[in-house]
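Asker: Sequence:
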Amino acid sequence: MSLLFTSTKLAHARQLKRQTCRIFKFDSVTDSQWTEFTDNADVLCDVLPSTFSSWHINQMCKYLQSRILKAANTTLPSSTVGNNYTPKIPKELETLTQHYRFLNRLMHSIRLLCKYPLTYSAAHEHKWSIHLIRLQNILQLYKKVFAFIPTLPLSLLSCRQDDFKSLLDVLSNILKSLRGYHLFQEKEFQDSSICARLDDRNNNFETDLSSFIDSALSRTRHRITLNRVFLDHPTRPQLLTNPKDIDDAVVNHFQNFVPIKSTPLTSLDVLPDKWSSAYQPMADVFSSIYDSLMNPLPLMNGYLPYLLLLMAKPLVLP
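According to our numbering, the stretch in the sequence shown is residues 1 to 318, in order.
The set of hints was computed from the structure by calculation and includes no laboratory data. No residue lacks a Cβ here, since even glycine has one placed at the ideal position from N, Cα and C. Please note that a few of the clues may not be correct.
To be verified - Ranges between beta-carbon positions, derived for each pair:
hint, residue 1, residue 2, range
1, Ser109, Asn256, 49 to 57 angstroms
2, His108, Gln140, 21 to 29 angstroms
3, Phe148, Asn256, 58 to 66 angstroms
4, Tyr100, Gln33, 49 to 57 angstroms
5, Arg101, Asp169, 14 to 22 angstroms
6, Ser155, Phe102, 13 to 21 angstroms
Said to hold, decoys possible - Simulated pairs of lysine-lysine, PhoX-like, Cα-Cα distance not exceeding 20 angstroms:
hint, residue 1, residue 2
7, Lys91, Lys144
8, Lys144, Lys176
9, Lys91, Lys187
10, Lys176, Lys143
11, Lys187, Lys144
12, Lys115, Lys165
13, Lys176, Lys165
All chains should be built: construct the whole structure from the sequences, respecting the hints.
Answerer: Here it is as structure tokens:
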């Protein structure tokens, strides 16, 4: 179990072709180590509150992350683990994937015969006799997927009359049906995996808090690479293709044009209308109990774990 990943994330480690990465062990942290860690983090956060509040939210997060990691490196126990992980998939989905890839390869071979019919030889006939057995097994195994079971030729020689075009059409229909079924099964597996992981995380919140925090913090960073950006200016529209210009334009957009409120709301009354029903206090509950929630978190020992959790896993509100 890990408390947090170091600055070398899993994705970054793969890009650099590193086989291992360093993690901190949450379940091995003693009370004295945790106290020392929070004390070190407080000492390292030496920027004045007035200066800190004037920064952009991205700079705040980067500053806090660097200080927390620096304190963790000197205090918390850690270990080196491999960064290669292959998710386990059900045997049925794995078999379906293999059949789908087989059909793709077979389609490629028949497509080449359609394009170059004069290349037909006895070797093609021998391969077709082997592939035909597997094709018939696929049709029987997934017969509920197909609207009807097509008749396959016993020999490729009979397909030379139209240069294998009819055979290509039959295989194309089989491949389309199998592709749709494969996508459906893959989506079902992804949904069930997500639900199972969420159920485990919810159960851990009640029974094993350390596993819950570890699950919340151990995430993979995702990145979208832009190769062009269009600036829709009323008088000077511009298409950017230079990576440096794209980077500058994106940073400028999100820092100056995307509204980010880093200060807490002063009252529940200023929440958007779509949130009013969810956050409206009950009639028999005094609204004063929400006052503490509206106060900003002070940078002190007791709140560092929660700051770390919020930094590593964004909070999603309805």
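Asker: Compare the structure with each hint and give your call.
Answerer: Hint check results:
Against the hinted window of 49 to 57 angstroms, the Cβ-Cβ separation of Ser109 and Asn256 comes to about 56 angstroms, which satisfies the hint. One distance hint, 21 to 29 angstroms for the beta-carbon pair His108 and Gln140, holds here, with the actual separation near 24 angstroms. A hinted range of 58 to 66 angstroms holds for the C-beta pair Phe148 and Asn256, which are about 60 angstroms apart. A beta carbon spacing of about 51 angstroms between Tyr100 and Gln33 agrees with the range 49 to 57 angstroms that was offered as a hint.
Range check, Arg101 to Asp169: Cβ separation about 21 angstroms, and the 14 to 22 angstroms hint holds. The hinted range of 13 to 21 angstroms is satisfied by Ser155 and Phe102, whose Cβ atoms lie roughly 20 angstroms apart. With a C-alpha separation of about 19 angstroms, the suggested pairing of Lys91 with Lys144 holds against the 20 angstroms cut-off. Distance restraint check for Lys144 and Lys176: the Cα-Cα separation of roughly 14 angstroms lies within the 20 angstroms cut-off, and the hinted pair is therefore satisfied.
Proposed proximity of Lys91 and Lys187 is supported: the alpha carbons are some 15 angstroms apart, at most 20 angstroms. For the proposed pair Lys176 and Lys143, the alpha carbon gap of about 14 angstroms is at most 20 angstroms, so the pair holds. Between the alpha carbons of Lys187 and Lys144 the distance comes to roughly 19 angstroms, so the proposed pair stays at or under 20 angstroms and holds. About 10 angstroms separates the Cα atoms of Lys115 and Lys165, which keeps this hinted pair within 20 angstroms; it holds.
A C-alpha spacing of about 16 angstroms is found between Lys176 and Lys165, which places the hinted pair at or below 20 angstroms, so the restraint holds.
When the structure is compared with the earlier hints, no violation turns up for any of them.
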